[in-house]
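Letter by letter, the chains look like this.
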Amino acid sequence: MTRRVTRRLVDLLVVFLGVTLIIYLMVFALPGDPIAALGGDRPLAPNVVAELRERYHLDEPVLQQYLRYLGGLLQGDLGTTFQGQSVADRMALRWPVTITLALTAWGIEVLLGVLLGLVAGLRAGAVSDRLVLAGTVVATSIPVFVLAVSAQLWLGVELAWFPVAGTSAGWPTAYLLPAAVIAVFGLASVARLMRGSVVDTLRTDFVRTLRAKGLRERQVVGVHVLRSSSIPVLTFLAIDLGYLLGGTVVVEGVFNLPGVGQLLFQAIRAHEGPTIVGVSTALILVFLVTNLLVDLLASVLDPRIRHE
Amino acid sequence: MSEPLPAAPAAAGSTAASAAAAAPATAPAVARRGVWRTLRRRALFWVSAAVLAVLGLVALVPSAFAGWFGHPDPRACDLASSAQPPGGGHVLGTDVQGCDVWANVVFGTRASLTVGLLCTAVALAVALVVGTLAGYYGGWLDRVVARLTDVFLGFPFLLGAVVVLTSVGSRSAVSVALVLALFSWPTMARLVRGSVRTVRDAPYVEAARAMGLPDRRIIARYVLPNALGPVLAVATIMVGSVIVAESTLTFLGLGLNAPSISWGLQLSSAQSYFQTSPHMLVAPATVLTVTVLAMITLGDVLRDVLDPRGRS
Numbered sequence: 003m004t005r006r007v008t009r010r011l012v013d014l015l016v017v018f019l020g021v022t023l024i025i026y027l028m029v030f031a032l033p034g035d036p037i038a039a040l041g042g043d044r045p046l047a048p049n050v051v052a053e054l055r056e057r058y059h060l061d062e063p064v065l066q067q068y069l070r071y072l073g074g075l076l077q078g079d080l081g082t083t084f085q086g087q088s089v090a091d092r093m094a095l096r097w098p099v100t101i102t103l104a105l106t107a108w109g110i111e112v113l114l115g116v117l118l119g120l121v122a123g124l125r126a127g128a129v130s131d132r133l134v135l136a137g138t139v140v141a142t143s144i145p146v147f148v149l150a151v152s153a154q155l156w157l158g159v160e161l162a163w164f165p166v167a168g169t170s171a172g173w174p175t176a177y178l179l180p181a182a183v184i185a186v187f188g189l190a191s192v193a194r195l196m197r198g199s200v201v202d203t204l205r206t207d208f209v210r211t212l213r214a215k216g217l218r219e220r221q222v223v224g225v226h227v228l229r230s231s232s233i234p235v236l237t238f239l240a241i242d243l244g245y246l247l248g249g250t251v252v253v254e255g256v257f258n259l260p261g262v263g264q265l266l267f268q269a270i271r272a273h274e275g276p277t278i279v280g281v282s283t284a285l286i287l288v289f290l291v292t293n294l295l296v297d298l299l300a301s302v303l304d305p306r307i308r309h310e
Numbered sequence: 167m168s169e170p171l172p173a174a175p176a177a178a179g180s181t182a183a184s185a186a187a188a189a190p191a192t193a194p195a196v197a198r199r200g201v202w203r204t205l206r207r208r209a210l211f212w213v214s215a216a217v218l219a220v221l222g223l224v225a226l227v228p229s230a231f232a233g234w235f236g237h238p239d240p241r242a243c244d245l246a247s248s249a250q251p252p253g254g255g256h257v258l259g260t261d262v263q264g265c266d267v268w269a270n271v272v273f274g275t276r277a278s279l280t281v282g283l284l285c286t287a288v289a290l291a292v293a294l295v296v297g298t299l300a301g302y303y304g305g306w307l308d309r310v311v312a313r314l315t316d317v318f319l320g321f322p323f324l325l326g327a328v329v330v331l332t333s334v335g336s337r338s339a340v341s342v343a344l345v346l347a348l349f350s351w352p353t354m355a356r357l358v359r360g361s362v363r364t365v366r367d368a369p370y371v372e373a374a375r376a377m378g379l380p381d382r383r384i385i386a387r388y389v390l391p392n393a394l395g396p397v398l399a400v401a402t403i404m405v406g407s408v409i410v411a412e413s414t415l416t417f418l419g420l421g422l423n424a425p426s427i428s429w430g431l432q433l434s435s436a437q438s439y440f441q442t443s444p445h446m447l448v449a450p451a452t453v454l455t456v457t458v459l460a461m462i463t464l465g466d467v468l469r470d471v472l473d474p475r476g477r478s
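Protein sequences, first through last, are from chains A and B. Numbering-wise (our numbering), the first sequence opens with residue 3 and increments by one. Numbering-wise (our numbering), the second sequence opens with residue 167 and increments by one.
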């Protein structure tokens, strides 16, 4: 187990270095001059430009800037916006909104996805199964922003079942609709994966043994089949958290939720390199760490992975 | 679809003299006929293929379709008739600038399909080369490729594209496609690597090696055709998801820019007026969804037929 954890940590480190380096190189290959953009139409005085370039270390070689950035990152410093605010501080107040949104979406995904997958898998080939399968294909085909805008128009404006935008209504009212919108895509995959997994598990010898022992069907399905078939789903759910976080950019923009995704959304529009890098890095970091945690959790649940 | 195994006939033509090559040559042919026979019995295959054929035609010659309802030019806009609901020659109404929505949807097809197909083609080519080399030769190359795919899969797709596209100054269908390809090749490369590894030590490949065939020929003739089926199915699905990604990025303000005509741009400008004139949103959203649906369905059917492992 310890060896496995160490190996995963080393993997994580390599990926983290690669990811941050790529981001950094990409953003700082920007053709536009961020300092010149700061002055708008009026050119800045040369001494101001020099001052700013020195303060933000823009004259150093890119690799050195990257190492400086990385060093700061390890101390929790995600950079400074051009307005002089710390990116981490700007994000701090926004995290609760995004985490609430992502977790609500995750909850919807897990509950509905597992349920639908179980229903479809237990009666493979039946009408309910076909309906679930068709539904998942349609659900994966609708772009998140199309769904967000349609849901906002139909359920928010016309039927007025949910608040149209903002978080003033509090949890869960304000979060349900945006979370459901983000969840739809992953929900479809969870349902499909779960269905396949259940179908496979039902065919295994141990399920036959359980039934032969006279275990009640509810116990066979509810305990053993569920646990055994949830492992691939669990792995998927970890990866999906990253997509949920990516999805928050669009949905927080459309529904005007003051979360981290909205900050990234606004930074993109304002071409604020440092903020984009900071927020993306934070989101990607969260993604990587979640992957690690769930991978370890999976090895706790599945002895085969532990002893591989 | 008969393209799953294009490498086989090409390779057979180059050195037909080898007697050994003649015997396995019939095997892929039989497999291909089997695939086609299964495929043509699927109603979903025909439906999605028909939808995509129509869309392909629209993308190739948009001017033949745009004029159906009397307003052929997507850029002939009349501000006086801004945001008109459907009717009066504009079947789908007009947008904020007073341009015909139908003509814009028709002309927007090309942008979406170009990005989807170009991105997937590039990613597929990279994935086939990288995945085959890594899977066939193994060793340090395999380890480097594994780390590299790890790094690229460490980006949630959308976030990665956001970061890279911010730094791309002038964005066109080609540059957007290339950026998206940067983040889509690893999934397919892993798939190819896996398929290649499973046959690398298969007896028939060892036989080919024992006969002294060069690696290039072994890969092209015996290894690659085996890996091609599953990855082609995934690539078809990927076209759909790339189209979604493009429109989402355009919606965020990072995809295509204003003088281009695309569904994403239509949607992004319509979004601000969705309360007063939802009709501007409905048409591009529907066409986009149908396109992606057709792509994903086709990919699903193909995967079902081409990749027996995934069959339930």
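Please keep in mind that the hints were generated in silico from the structure rather than gathered at the bench. From the three backbone atoms N, C-alpha and C, an ideal C-beta is built for every residue, glycine too. A few of these clues could be false.
[Said to hold, decoys possible] Selected chain A positions facing chain B (in silico; Cβ < 8 Å):
| # | residue |
| --- | --- |
| 1 | Met28 |
| 2 | Gln67 |
| 3 | Leu69 |
| 4 | Ile144 |
| 5 | Val146 |
| 6 | Phe147 |
| 7 | Leu155 |
| 8 | Leu157 |
| 9 | Phe267 |
| 10 | Ile278 |
[Claimed, not checked] Heads up, incomplete: computed chain B residues facing chain A, CB under 8 Å, no partners named:
| # | residue |
| --- | --- |
| 11 | Val292 |
| 12 | Val295 |
| 13 | Leu325 |
| 14 | Phe417 |
| 15 | Ala424 |
| 16 | Pro425 |
| 17 | Leu433 |
| 18 | Thr442 |
| 19 | Ser443 |
| 20 | Leu447 |
| 21 | Val453 |
| 22 | Thr455 |
| 23 | Val458 |
Hint check results:
no.: 1; hint: Met28; result: 5 Å, holds
no.: 2; hint: Gln67; result: 15 Å, violated
no.: 3; hint: Leu69; result: 18 Å, violated
no.: 4; hint: Ile144; result: 5 Å, holds
no.: 5; hint: Val146; result: 6 Å, holds
no.: 6; hint: Phe147; result: 5 Å, holds
no.: 7; hint: Leu155; result: 5 Å, holds
no.: 8; hint: Leu157; result: 13 Å, violated
no.: 9; hint: Phe267; result: 7 Å, holds
no.: 10; hint: Ile278; result: 6 Å, holds
no.: 11; hint: Val292; result: 16 Å, violated
no.: 12; hint: Val295; result: 20 Å, violated
no.: 13; hint: Leu325; result: 5 Å, holds
no.: 14; hint: Phe417; result: 5 Å, holds
no.: 15; hint: Ala424; result: 14 Å, violated
no.: 16; hint: Pro425; result: 19 Å, violated
no.: 17; hint: Leu433; result: 7 Å, holds
no.: 18; hint: Thr442; result: 10 Å, violated
no.: 19; hint: Ser443; result: 11 Å, violated
no.: 20; hint: Leu447; result: 6 Å, holds
no.: 21; hint: Val453; result: 11 Å, violated
no.: 22; hint: Thr455; result: 5 Å, holds
no.: 23; hint: Val458; result: 4 Å, holds
Of the numbered hints given earlier, the model fails hints 2, 3, 8, 11, 12, 15, 16, 18, 19, 21; all others are met.
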